[in-house]
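Number of protein chains: 2
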Amino acid sequence: MLKKEDYQQHISAKFNTELESLRNHMLSMGGKVEQQLITALDAVMKMDSGEAELIVRRDSEVNQMEMAIDDECATIIARRQPTASDLRLVIAIIKVNRDLERIGDEAAKVAKQAVRMSEDGRSPSNFIEIKHIGAMVGAMLRQSLDAFARLDVDQAVEVVKGDDKVDKEYGSAMRSLITFMVEDPRNIGVILNEMWALRSLERIGDHACNIAEHVIYLVRGLDVRHGGLDELTGASGELPR
Amino acid sequence: MLKKEDYQQHISAKFNTELESLRNHMLSMGGKVEQQLITALDAVMKMDSGEAELIVRRDSEVNQMEMAIDDECATIIARRQPTASDLRLVIAIIKVNRDLERIGDEAAKVAKQAVRMSEDGRSPSNFIEIKHIGAMVGAMLRQSLDAFARLDVDQAVEVVKGDDKVDKEYGSAMRSLITFMVEDPRNIGVILNEMWALRSLERIGDHACNIAEHVIYLVRGLDVRHGGLDELTGASGELPR
Numbered sequence: 007m008l009k010k011e012d013y014q015q016h017i018s019a020k021f022n023t024e025l026e027s028l029r030n031h032m033l034s035m036g037g038k039v040e041q042q043l044i045t046a047l048d049a050v051m052k053m054d055s056g057e058a059e060l061i062v063r064r065d066s067e068v069n070q071m072e073m074a075i076d077d078e079c080a081t082i083i084a085r086r087q088p089t090a091s092d093l094r095l096v097i098a099i100i101k102v103n104r105d106l107e108r109i110g111d112e113a114a115k116v117a118k119q120a121v122r123m124s125e126d127g128r129s130p131s132n133f134i135e136i137k138h139i140g141a142m143v144g145a146m147l148r149q150s151l152d153a154f155a156r157l158d159v160d161q162a163v164e165v166v167k168g169d170d171k172v173d174k175e176y177g178s179a180m181r182s183l184i185t186f187m188v189e190d191p192r193n194i195g196v197i198l199n200e201m202w203a204l205r206s207l208e209r210i211g212d213h214a215c216n217i218a219e220h221v222i223y224l225v226r227g228l229d230v231r232h233g234g235l236d237e238l239t240g241a242s243g244e245l246p247r
Numbered sequence: 007m008l009k010k011e012d013y014q015q016h017i018s019a020k021f022n023t024e025l026e027s028l029r030n031h032m033l034s035m036g037g038k039v040e041q042q043l044i045t046a047l048d049a050v051m052k053m054d055s056g057e058a059e060l061i062v063r064r065d066s067e068v069n070q071m072e073m074a075i076d077d078e079c080a081t082i083i084a085r086r087q088p089t090a091s092d093l094r095l096v097i098a099i100i101k102v103n104r105d106l107e108r109i110g111d112e113a114a115k116v117a118k119q120a121v122r123m124s125e126d127g128r129s130p131s132n133f134i135e136i137k138h139i140g141a142m143v144g145a146m147l148r149q150s151l152d153a154f155a156r157l158d159v160d161q162a163v164e165v166v167k168g169d170d171k172v173d174k175e176y177g178s179a180m181r182s183l184i185t186f187m188v189e190d191p192r193n194i195g196v197i198l199n200e201m202w203a204l205r206s207l208e209r210i211g212d213h214a215c216n217i218a219e220h221v222i223y224l225v226r227g228l229d230v231r232h233g234g235l236d237e238l239t240g241a242s243g244e245l246p247r
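Just so you know, the protein sequences line up as chains E and Z, in that order. Each residue of the first sequence is one higher than the one before, starting from 7 at the first, in our numbering. Each residue of the second sequence is one higher than the one before, starting from 7 at the first, in our numbering.
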């Protein structure tokens with residue numbers, strides 16, 4: 007006969023499996039949008055409009071994944087009524103899910119710009135700013151997903167700090183692109199394409215940063231979304247345990 | 007003596023009060039970001055850097071509201087373990103909350119551009135595109151909040167449809183601003199400010215649209231986030247009841 011403890015064990019094991027599966031779905035969506043970003047950057051560098059159009063089409067798969075994960079979250083809350091840290095995890099996944107969908111959107115926007123770039127011709131900047139900032143935000147995204155997978159606060163803090171660097175690089179890229187425009191107004195069209203693509207990359211950095219902030223909140227219960235990072239790293243730069 | 011039904015009534019009445027209070031907090035946050043947007047547009051038109059800086063500072067109040075509402079949602083889920091439509095409402099508020107915070111962010115970005123505009127001088131366009139598109143997205147935001155307050159699907163559908171108009175206006179504004187740049191490269195700096203502000207306004211339209219989509223989902227259980235609107239309005243343009 008099944009004892010009450012066994013039964014609860016059973017429920018709890020099933021619940022754990024469900025949570026684990028939800029977490030895996032979210033991480034595989036993360037992998038998918040990361041691939042979308044990498045391919046979009048590749049399409050820009052190669053000025054390959056065919057590859058770029060593929061990314062735009064594939065964005066609907068990302069959207070489907072977002073809705074499926076949302077449904078999964080709602081079902082788990084309704085059926086399992088999780089509390090404390092389990093509930094925090096599900097709510098974090100609802101939010102990270104949104105950030106990932108947005109990253110997918112921005113990657114598709116970069117791809118759309120790549121299509122225009124392949125029509126308008128190469129920028130005098132050789133898209134070097136896109137390559138550089140694209141690599142930065144790509145690394146941030148990968149790191150933020152790793153941090154989520156391993157609930158690694160140190161790595162999450164690195165991502166949040168990295169966002170300041172992206173903002174600085176973005177500002178200096180804008181200034182140098184404006185110089186190209188002023189030097190030769192025939193560059194205006196092509197440089198604008200590049201600026202919009204950079205704007206999307208900068209947003210991807212913001213979203214990676216959001217994901218990292220959710221990891222910190224999950225592990226430490228500390229909300230660092232709006233400038234609480236100093237509190238976390240303290241004066242010495244050490245993390246309080 | 008308190009009967010069991012009375013007790014449940016009591017619990018349920020208290021729960022209703024909590025849900026109602028959560029809903030009100032969300033709507034008052036909506037009112038706050040709407041005011042931020044209106045003031046930011048006013049600061050642009052008057053080229054008033056003092057007013058613009060006030061908006062940037064006030065964005066931290068919006069951020070505080072976001073975190074408080076998130077906490078309120080988590081507490082309600084943990085304590086009341088809502089199911090079905092109550093749970094759907096709480097999850098919708100978690101998401102709308104995020105959209106509102108983003109709208110506040112974008113309004114602050116418009117205000118930051120207003121500070122730059124007050125330094126760089128008036129655009130040859132006289133900021134007419136900002137005034138026009140700003141009024142459009144302001145109306146969308148107000149409508150989406152009204153639709154949420156009254157759970158009015160028809161109004162929510164209007165908002166979603168309005169977003170296409172904003173995208174078209176945005177595209178034509180960009181083209182006319184590029185003309186100003188090409189005509190006189192000395193305009194490049196000031197026109198770029200205007201373009202970034204327009205980009206933020208266009209994003210605000212997107213977020214208002216998200217809010218409206220959550221209303222449709224709440225009332226009809228139909229997810230129209232990724233192109234499901236045709237299904238909702240049907241071939242005849244009539245809403246299925």
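What the hints contain is simulated information worked out from the structure, not anything from laboratory work. Among the hints, a few may not be true.
Which residues of chain E face chain Z? A few of them, derived with a C-beta cut under 7 Å, are [said to hold, decoys possible]: (1) N22; (2) M73; (3) A84; (4) L93; (5) M187; (6) P191; (7) N193; (8) I194; (9) D229.
Heads up, incomplete: computed chain E residues facing chain Z, CB under 7 Å, no partners named [stated by the list, open to error]: (10) I44; (11) N69; (12) Q87; (13) T89; (14) S91.
Every residue, glycine too, gets a C-beta built ideally from N, C-alpha and C.
For each hint, the structure was consulted:
1. For E:N22, the interface hint is violated, since its Cβ never comes within 7 Å of a Cβ in chain Z; the closest pair sits about 19 Å apart.
2. With a cut of 7 Å, the hint placing E:M73 at the interface with chain Z holds, because the nearest CB-to-CB distance is about 6 Å.
3. Taken as an interface hint, E:A84 checks out: its beta carbon lies about 5 Å from the nearest beta carbon of chain Z, inside 7 Å.
4. Because the beta carbon of E:L93 sits about 6 Å from the nearest beta carbon in chain Z, less than 7 Å, this interface hint is met.
5. The closest approach between the C-beta of E:M187 and any C-beta of chain Z is roughly 5 Å, which is under the 7 Å cut-off, so the hint is satisfied.
6. At about 5 Å, the closest approach between the beta carbon of E:P191 and any beta carbon in chain Z falls short of 7 Å, and the interface hint on this residue holds.
7. Residue-level restraint check for E:N193 is violated (minimum Cβ-Cβ distance to chain Z is 10 Å; threshold 7 Å).
8. A hinted interface residue such as E:I194 counts as satisfied when its beta carbon comes closer than 7 Å to some beta carbon of chain Z; here the least separation is about 5 Å, so the hint holds.
9. The beta carbon of E:D229 is positioned within 7 Å of a beta carbon in chain Z (closest approach about 6 Å), and the interface hint is therefore held.
10. Hint status for E:I44 relative to chain Z: violated, with the closest Cβ pair at about 23 Å, above 7 Å.
11. Of the supplied interface hints, the one on E:N69 holds, with its beta-carbon coming within about 4 Å of a beta-carbon of chain Z, less than 7 Å.
12. For E:Q87, the interface hint holds, the least distance from its beta-carbon to any beta-carbon of chain Z being 4 Å, beneath 7 Å.
13. Look at E:T89: its Cβ gets to within about 5 Å of chain Z, closer than 7 Å, so that hint holds up.
14. A least Cβ separation of about 11 Å between E:S91 and chain Z goes past the 7 Å threshold, and the interface hint is therefore violated.
Violation of the numbered hints given earlier is confined to hints 1, 7, 10 and 14; the remaining hints are satisfied by the structure.
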